[in-house]
Structures are given as C-alpha cells and as structure tokens.
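J.: Sequence:
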Amino acid sequence: MTNPTPNTQTAPEGYVMNAKGHYVPLSAVKEIDKLRDDVVQDIISRAKELRSQMIGVKDIMFGNFHEFVELSAHEYDTKIGGQKGNVSLLSFDGKYKVQIAIQDNLVFDERLQVAKSLIDECLRDWTKDSNDNIKAIIDNAFAVDKEGKINIRRVLSLRSLNITDDKWQKAMQAISDATQVISSKEYMRFYERDEYGKYQQISLDFANL
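When you line the sequence shown up against the working numbering, it's residues 1 to 209, in that order.
Everything labelled a hint here was simulated from the structure, so no lab data went into it.
Note that this is a predicted model, so its numbers are computed, not measured.
For glycine and all other residues, C-beta sits at the position ideal for the given N, C-alpha and C.
A portion of the hints provided could be inaccurate.
Said to hold, decoys possible - Derived CB-CB ranges, DEER-like:
| # | residue 1 | residue 2 | range |
| --- | --- | --- | --- |
| 1 | THR10 | ILE55 | 22 to 30 Å |
| 2 | ASN105 | ALA136 | 47 to 55 Å |
| 3 | PHE68 | ILE137 | 42 to 50 Å |
| 4 | GLU192 | ALA11 | 46 to 54 Å |
| 5 | LYS146 | VAL29 | 32 to 40 Å |
| 6 | LEU209 | ALA136 | 34 to 42 Å |
| 7 | LYS20 | GLY148 | 43 to 51 Å |
| 8 | TYR187 | LYS48 | 18 to 26 Å |
| 9 | GLY14 | ILE44 | 19 to 27 Å |
| 10 | ARG46 | LEU123 | 16 to 24 Å |
| 11 | ILE137 | LEU71 | 22 to 30 Å |
| 12 | PRO12 | ARG46 | 27 to 35 Å |
| 13 | GLU110 | ALA143 | 17 to 25 Å |
Stated by the list, open to error - In the DSS-like style, the derived pairs of lysine-lysine whose C-alpha atoms are separated by at most 30 Å in a straight line are:
| # | residue 1 | residue 2 |
| --- | --- | --- |
| 14 | LYS48 | LYS30 |
| 15 | LYS58 | LYS146 |
| 16 | LYS20 | LYS30 |
| 17 | LYS116 | LYS146 |
| 18 | LYS58 | LYS167 |
| 19 | LYS135 | LYS116 |
| 20 | LYS116 | LYS167 |
| 21 | LYS97 | LYS48 |
| 22 | LYS170 | LYS149 |
| 23 | LYS167 | LYS185 |
| 24 | LYS185 | LYS135 |
| 25 | LYS135 | LYS170 |
| 26 | LYS95 | LYS58 |
| 27 | LYS149 | LYS135 |
| 28 | LYS58 | LYS79 |
| 29 | LYS135 | LYS146 |
| 30 | LYS30 | LYS116 |
| 31 | LYS198 | LYS97 |
| 32 | LYS58 | LYS97 |
| 33 | LYS149 | LYS116 |
| 34 | LYS146 | LYS185 |
| 35 | LYS79 | LYS185 |
| 36 | LYS198 | LYS95 |
| 37 | LYS95 | LYS79 |
| 38 | LYS48 | LYS20 |
| 39 | LYS185 | LYS198 |
| 40 | LYS185 | LYS97 |
Using the sequences and the hints, build the whole thing.
T.: As structure tokens, then:
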C-alpha cells in the first residue's frame, strides 16, 4: 500500500494518510482497504503513463500532419496562413483517412438580449397568427440548463426558420452579431474504410475500445 497525498506530505513510518488527511496506523487498515488502494494506485499510475505517452504521440502526429500540408503548399509556391483545420489526408489506396477539424468555442455577448427582445415583440405582434410550434421552438432555444447556460446551437438554429418578418430578420442579425468566437481547438480523427467502402472512425476513447 502506497501513501501518495494531495499535498505531497509524507506520513510517518508505519502510518498512512486517509481521505480526511489524518494519519492512521498501517496495522489498523483492513486488508481489503489496502488491496483497494493498491488497485486504484496501479490503475491511476498506468493511466498517467498512458496519458503522457499520448501527449507525446499527439505532438508528433499533429506536427507531421501540418508539416506535410506546408510541404504540399510549397509545390505551388505558396504558404498556408492561420489555422489549418478541416483538412483530410488519404492513404494512397484510400483505405485510411486522417482528418483535422477546428471546433470554435462560441459565446453570446449582450446583443443576444436585444435579439430576444425583438423576438418577444414579434410574438406579441403575431398573436393570433403565430404558430404554437414556432413559439415552442423559440422557448426551447432560449431555455437554460442546470448551470444557467443557453444552448448555443439551439439559438443559432433559429436562423434557419423560414420567417420573412422584418423584425424577425433584424433579430436574426442580432444573433449573428452577438456570436463571438473566444477560442478554437484542433481535433484529429482517424478513419479506416470497411468492406462496404464506408469510413469507420478509429476511436481512442476507452469506452469504444
């Protein structure tokens, strides 16, 4: 049984620290508790080692990918600027595909409240002519989750509704203007073509292994 602690303190010889931060004589710890601790410590140690390896491999793979994209661009005497996302590379036989995609982290600024006010005005103006289904879609779009956050995708989906009302269109423009990209993240995905010619993702998620 090992004795790692969150605050890096070392327990006196013959003692171990429990979850409350108290020193407990090792002799007073049940065998099943010792065994449980050993199992957890071993799994976490392997997980940390694997994570460290994956970080190194990730750096190599992204580096190789972007280096090749730059090399390919060099053949046309040009240089690709900015983020190089949403690019796919295929093996010569087409069996394998590596794809890099950029996912933006979006937030709304204060203009979302302007859009909501305009939409509320639309609903009041439409009254009898308004569709209950549209009202439900709007209410759902602006509903907040348990953390008090609005689902960005649902709000943005309102722009796809075929409504020509001028005030509504102004609200949709306010939503577009309110949408801000605060950060972006690169993702690399791997695919292998199956016997039916469809690309199946090669997952690195433990749950899918």
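J.: Within 47 to 55 Å: is that where the Cβ-Cβ distance between ASN105 and ALA136 falls?
T.: violated (28 Å)
J.: Check the following: the C-beta atoms of THR10 and ILE55 are separated by a distance inside 22 to 30 Å.
T.: The hint (22 to 30 Å, Cβ to Cβ) holds, given that THR10 and ILE55 are roughly 28 Å apart.
J.: For the pair supplied as a hint, LYS20 and LYS30, is the alpha-carbon distance within the 30 Å limit?
T.: holds (17 Å)
J.: Please work out if LYS135 and LYS116 have their alpha carbons no farther apart than 30 Å.
T.: holds (12 Å)
J.: Can the restraint linking LYS146 and LYS185 be considered satisfied, given a maximum Cα separation of 30 Å?
T.: Holds: LYS146 and LYS185 sit about 25 Å apart, inside 30 Å.
J.: LYS170 and LYS149: Cα distance at most 30 Å?
T.: Within the cut-off at roughly 24 Å; holds.
J.: Assuming the hint says 43 to 51 Å, is it satisfied by the Cβ distance from LYS20 to GLY148 or not?
T.: violated (33 Å)
J.: Do GLU110 and ALA143 keep their Cβ atoms within the hinted range of 17 to 25 Å?
T.: holds (19 Å)
J.: Taken at face value, is the distance from the CA of LYS48 to the CA of LYS97 at most 30 Å?
T.: The given pair, whose Cα atoms are some 29 Å apart, holds under the 30 Å limit.
J.: Between LYS58 and LYS79, does the CA-CA distance stay at or below 30 Å?
T.: Since the Cα atoms of LYS58 and LYS79 sit roughly 24 Å apart, the hinted pair holds (cutoff 30 Å).
J.: Hey, LYS135 versus LYS146, does the alpha-carbon distance stay inside 30 Å?
T.: holds (22 Å)
J.: Compare the distance between the alpha carbons of LYS185 and LYS97 with 30 Å, and conclude whether the hinted pair is satisfied.
T.: holds (20 Å)
Going through the hint list in order, the structure does not satisfy hints 2, 7, 10, 11, 15, 18, 23, 24 and 30.
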